[in-house]
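2 protein chains.
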Amino acid sequence: MPSGHTVVAFDAELATLHRKIAEMGGLAEEQLIRAMEALVARDENLATSIIARDVDLDRNEAEIEALVVRVLALRQPMAKDLREVISALKISTNLERVGDFSSNCAKRVMALTQVPPTGPMKSLNRMGKTAATMVHDVVKAYVDEDYDLAMAVRARDAEVDAVYTSLFRELLTYMMESPQQITACTHLMFIAKNIERIGDHATNIAETVCFLVKGQIPDVERLKEDMSSFTVVSPRDQ
Amino acid sequence: MPSGHTVVAFDAELATLHRKIAEMGGLAEEQLIRAMEALVARDENLATSIIARDVDLDRNEAEIEALVVRVLALRQPMAKDLREVISALKISTNLERVGDFSSNCAKRVMALTQVPPTGPMKSLNRMGKTAATMVHDVVKAYVDEDYDLAMAVRARDAEVDAVYTSLFRELLTYMMESPQQITACTHLMFIAKNIERIGDHATNIAETVCFLVKGQIPDVERLKEDMSSFTVVSPRDQ
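Protein chains in written order, with full-length UniProt numbering: chain C, 1 to 238; chain G, 1 to 238.
Nothing false has been slipped in among the hints.
Some chain G residues close to chain C (C-beta under 10 Å, calculated; not the full set):
| hint | residue |
| --- | --- |
| 1 | V68 |
| 2 | A73 |
| 3 | Q76 |
| 4 | P77 |
| 5 | V85 |
| 6 | C105 |
| 7 | A111 |
| 8 | L171 |
| 9 | T183 |
| 10 | H187 |
| 11 | S229 |
| 12 | V232 |
The set of hints was computed from the structure by calculation and includes no laboratory data. Backbone N, C-alpha and C fix where the C-beta goes; we use that ideal spot for every residue, glycine too.
Hey, can you work out the whole structure from these sequences and the hints?
And the structure:
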């Protein structure tokens, strides 16, 4: 049996894991929100600061992984405690990816400021905000162990996928209208794809929260992928 | 102290983890190679079979994760044994992503067969083969615990990134030449991006192998990202 001292130490470590994930989630969400601001405002300085800050998320992930390995080795947790630790590892990996995608959006803002503004910016911005809310809510679901909220986030991913597929089509038609818009629209397309991927990572985290709370991944198969990969638009469709 | 029986059972479970990762790696590599074949041959049937087979990789990942959780709970491994188990978890996540990207390439082949052939197919195919070799070699590095091979794979990622950045520019110029090529080139661009991401996942696995063998991630910072996100091409550059 573990001693009282060990139990207290373990609880403290789990609390630290929770806190670190919550902080990392807040930063990942903020990076995405700021990337959308930089995009709309064509703000190179803001974009630069987002790119520079991505290392903080990389460091967060490394710290959480080190703590997970330490807890597994020292405390040898079981059942729910073990799920806590595995979940922290998986969630941190997903949040780090959210950060990478936000940073990549910021890099593309740097390219976009060099060409005339174009494209369906409002839809793109709205899609970004939806994804940021998903990240916010899924981290809240993790902190509160709120299964229903996690499932709600997971359901919302279909909305992001649908907007992405429609944006993909729309951007293709913009590109066909004039070659001057191709570079800009290509970057906007990748920004949209980044946001769609952020939605996927929020969904992965939601499933991890379900695993944490109930011990298994939810059954209902969700429509996983956007349909843009199958999209064909020809110039005469416009 | 663990009993002899426990040690034997643990060794058998580690051997199973190794075998499952090796099999999963083989399948992920094969999916990518076949996706490139489908692309070059414009083969819809092959593309369909690749898309259908992606569930096998999803199942592999779920099985490995279940085994990891089981081993952690029952055997409470430490030191190198613990690294073995954590590494298996991380590698399976990365291989599953390799599968997703290969499957996404196959989906885009379905769209590409509906439009006239265009684009720098040879370079794209070569890039795909390089990434497939990276996946092959990094799984071999894992099986053989070959640190040097893992480091060599990691170094090769810069080559894939450079080809991607150059392909991105080239595809932009193709698109500017004629609106008829925009849909095709957009899908080719995302295929190139998928391959670039597969290179990143092979690199992640290489770093995990280094962590497994030496207990830490290699120090030397590698040039992480392709430069395409910053690329601007205007029609007059052609």
